[in-house]
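Undergrad: Sequence:
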Amino acid sequence: MSIGLTESQLDAALDGVDISDGSFGAQDGEEVIDLEEAIKRFKQAWMNEEASPKLLSSQYELVHAIVQQIDEFETSTANYTQKQKLDLSYNIRRMEISRLQYIINSYIRTRLRKIEKDPVGILKEHEDRINGVSTSTEELLEEKEGEFAEKYFESTRKLLLDEFLNEFAAGLQKIPRIKEQNSTARVFFEVLVDNCESITVPKLKDKELEFIVPLAKGDRFLAPFKCVEELLEKGHIKLL
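Reminder that position 57 of the sequence shown reads as 57 in my numbering, one-by-one numbering, no gaps.
A couple of the hints might just be wrong.
FRET-style restraints, in silico, Cβ to Cβ [claimed, not checked]:
| id | residue 1 | residue 2 | range |
| --- | --- | --- | --- |
| 1 | K205 | Q101 | 44 to 52 Å |
| 2 | G171 | E96 | 21 to 29 Å |
| 3 | E72 | K151 | 14 to 22 Å |
| 4 | L204 | E230 | 19 to 27 Å |
| 5 | I175 | A51 | 23 to 31 Å |
| 6 | R157 | E50 | 42 to 50 Å |
| 7 | R157 | A216 | 33 to 41 Å |
| 8 | T81 | E154 | 28 to 36 Å |
| 9 | Y80 | N105 | 18 to 26 Å |
| 10 | K203 | I130 | 45 to 53 Å |
| 11 | Q84 | E230 | 23 to 31 Å |
| 12 | Y152 | N131 | 17 to 25 Å |
In silico lysine-lysine, DSS-like type, Cα no more than 25 Å apart, as pairs [to be verified]:
| id | residue 1 | residue 2 |
| --- | --- | --- |
| 13 | K114 | K226 |
| 14 | K43 | K117 |
| 15 | K203 | K238 |
| 16 | K203 | K54 |
| 17 | K158 | K124 |
| 18 | K54 | K117 |
| 19 | K203 | K114 |
| 20 | K83 | K234 |
| 21 | K151 | K114 |
These are calculated hints, taken from the structure and not from any lab test.
We treat Cβ as the ideally placed atom computed from N, Cα and C, and that holds for glycine.
Hey, can you work out the whole structure from these sequences and the hints?
TA: Okay, here's the thing in structure tokens:
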């Protein structure tokens, strides 16, 4: 995915003005989007990550694209005079950039907290996706997130071994793993597309029985996360 904008187009996007000609060429196979669309997608990815009980597919290509444009804006305005920096439109854009930086930092922190809870399980799921074992083809971790998960687990393992596990027999020197109960977690969601496939939800009184819930665009429901996870990966729903 690639985006590219001139300073004037960046100004327009950050001011909320519709960009009619904001698409630029990319390498073969890459999707071409403008900055306004990248920001829109990333804000939704951030909201989904915040509301999801488990780690979602990485959206760092959007992060990198937005950060690149912010850096270019910073460079282009670095030599602004004091008078130019007092201009209202400049300060409005600075406020929008600050909001974007907050969202990016929040997105990264949220993902790292989830990785810390279960680095082994997340690394395994990431490998399953890469090897085609999982039903999802989207990469779960960005490269540096993968490195963080490995280092975090290794540091935890070393600490536990040094503190007390090395006193146990070899067969008992296992690292305790806390599994999140994602199967029972429930989420609020909104349907984004027409003709969305229905979901099957277990009944509250009898988990062995299920009922089908038809979904229409604009509908909002509360349902077990596992029942809507696939729809979320496809972008057919958003979490609230």
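Undergrad: Let me make sure I understand: some of the numbered hints might not hold for this structure. Which ones are they, in numerical order?
TA: 2, 3, 6, 7, 8, 10, 11, 19, 20
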